Amino acid sequence: MHISRAVGLFSLGLLVTLLAACGSGSTPPPSSITLTVEDPLGSFNAAAYQVGSGSWQALSMTGTTTKTATFSLNGQSKYGVAVRCSSLVVNVIQATASELPNPKLECSSSTPATVSFTVNVSVDNSLLASGDQVCINGSGCQPASNNVAIMANLEPGSRDLLIVLTDSSNMVKVAKVVKGVNVSAGGSTNVSLASSDQLTPVSFTLPTPPAGYTAFPGALVFYASASNTGGGEVNASPTSYRPVSGFGSGDRYVALSIAMATNASLTSIQFFTGTPSLSLPAPWTAGSLSVNQTAHPSISGLSRSDSDLQGYRIYLQLTAQLYYTATLSKSWLGSTTTYTLPDLSAPGLLGYTTPTSGGGSFKIDAILGNKNLFALDVNNLSAFQSGDYLQVATAETNSFTVGGGSISLP
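All residue numbers for the sequence shown refer to this note's numbering, where the first residue is 1 and numbers rise by one.
FYI, nobody ran anything at the bench for these hints, they're computed from the structure.
If you're wondering where the values come from, they're calculated on a predicted model, not measured in any experiment.
C-beta atoms are modelled at their ideal positions from N, C-alpha and C, and glycine is treated no differently.
One or more hints might be untrue.
[Stated by the list, open to error] Cross-link-like lysine to aspartate or glutamate pairs, in silico, EDC-like; alpha carbons within 20 Å at most: (1) Lys67 <-> Glu38; (2) Lys78 <-> Glu155; (3) Lys179 <-> Asp251; (4) Lys67 <-> Glu106; (5) Lys363 <-> Glu396; (6) Lys371 <-> Asp388; (7) Lys363 <-> Asp388; (8) Lys78 <-> Asp343; (9) Lys371 <-> Asp306; (10) Lys363 <-> Asp343.
[Unchecked claim] Pairwise CB distance ranges (calculated): (11) Thr239 <-> Ser60: 46 to 56 Å; (12) Ala211 <-> Thr356: 15 to 25 Å; (13) Gly348 <-> Ser32: 32 to 42 Å.
Please construct the entire structure, taking both the sequences and the accompanying hints into account.
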């Protein structure tokens with residue numbers, strides 16, 4: 001599995017241009033906000049914005065596959081933006097201008113163009129055993145032999161290729177990166193896996209889950225090249241990884257740890273070199289969250305005291321009626337411990353139909369990390385270096401019913 005696909009399950013789904021330092025102080029917040037919506041497939045419906053704690057207003061977007069709109073902050077530091085896509089999908093961001101001066105949302109995406117490219121892999125006989133496979137960037141696996149030709153579909157241009165030899169249990173025996181391969185349609189390259197490429201596994205200790213949580217029996221470890229064009233899983237066992245031959249400056253490993261409980265989960269993504277020190281975030285305290293079951297529910301209990309808390313993400317999915325996501329930073333929320341999903345259903349705003357019955361699921365993530373909320377985007381690997389981390393504590397229910405009484409989570 002390619003790293004961006006695996007960790008993308010916990011993706012924040014936002015890209016950001018960060019403010020740069022200027023002299024001995026920081027660049028002042030902008031006086032206006034520009035929203036960008038990517039929509040190559042035409043799923044966009046409507047947009048709205050909010051300045052400070054004022055009323056939401058319609059936002060007229062211009063453009064085709066990439067749409068933009070700018071609005072003035074009028075001296076305020078906080079704002080909100082919202083977009084409706086594919087009729088039923090609503091995404092809201094509420095942030096400060098210093099954290100996110102240029103918010104970006106996605107209504108649709110297109111698959112990058114690829115070309116057919118052959119990777120000829122020669123494998124030293126001393127490395128081979130029955131059931132072995134050879135894989136390129138975590139996919140295109142073929143049964144291993146002394147000479148293996150793998151036809152891969154790759155994006156054209158200069159790419160890094162992670163070549164791994166796995167055993168019959170899909171554990172990595174050898175991992176080697178070849179950098180700067182010129183990928184072109186119908187082209188090929190030759191790679192050799194020698195006994196010297198088989199590096200000694202590095203063991204790590206799994207984090208101890210809190211009471212009531214069960215951890216996965218291992219951590220997934222991935223390699224990501226400095227150019228972010230090559231990578232894949234490199235576990236030598238559930239509690240060790242195979243170092244990559246050819247690992248260089250700017251390359252990183254990424255460990256994914258997960259623990260589960262009833263109506264709750266803990267996720268940790270840590271970037272490192274060498275031996276990782278794995279940890280999990282603190283869980284939500286039992287019954288600490290209260291949620292009223294309406295189409296735009298209010299949530300109380302947003303009072304976590306983690307020193308590295310960056311914000312919250314709230315998901316409401318009412319089957320075939322409304323799919324609502326709200327992302328709000330700790331700075332935007334301030335000392336407030338309650339939050340209500342904005343009702344943007346008015347025809348002059350996002351213009352969706354407010355559900356009055358039915359059910360689905362509700363989930364809230366507390367997002368922790370060493371960077372601000374909108375820089376913690378695992379789909380943008382260039383934003384992460386060794387030592388960076390992202391952790392998510394989740395409380396959820398699959399029994400949310402519009403019109404029901406308040407519920408406690410987790």
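These are the hints, each one checked on the structure:
1. A C-alpha spacing of about 6 Å is found between Lys67 and Glu38, which places the hinted pair at or below 20 Å, so the restraint holds.
2. As the CA atoms of Lys78 and Glu155 are separated by approximately 39 Å, the hinted pair breaks the 20 Å bound.
3. Of the pairs offered as hints, the one joining Lys179 and Asp251 holds, with about 11 Å between alpha carbons and a cut-off of 20 Å not exceeded.
4. Our distance criterion of 20 Å between C-alpha atoms is met by Lys67 and Glu106, whose separation comes to about 10 Å.
5. Simply put, Lys363 and Glu396 have alpha-carbon atoms about 4 Å apart, close enough for the 20 Å limit, and the pair holds.
6. This hinted pair checks out: Lys371 and Asp388 have alpha carbons roughly 8 Å apart, not beyond 20 Å.
7. At roughly 25 Å between alpha-carbon atoms, Lys363 and Asp388 are farther apart than 20 Å, so this suggested pair is violated.
8. Between Lys78 and Asp343 the alpha-carbon distance is near 18 Å, which keeps this suggested pair within the 20 Å criterion.
9. Distance hint between Lys371 and Asp306 is fulfilled; the C-alpha atoms sit about 14 Å from each other, no more than 20 Å.
10. The hinted pair formed by Lys363 and Asp343 meets the criterion: a straight-line CA distance of about 18 Å does not exceed 20 Å.
11. Under the hint 46 to 56 Å, the C-beta atoms of Thr239 and Ser60, about 54 Å apart, fit the expected range.
12. The supplied range of 15 to 25 Å is broken by Ala211 and Thr356, whose beta-carbon atoms lie about 40 Å from each other.
13. Gly348 and Ser32 have their C-beta atoms about 22 Å apart, which leaves the hinted 32 to 42 Å range violated.
Hints 2, 7, 12 and 13 from the earlier list are contradicted by this structure; the remaining hints agree with it.
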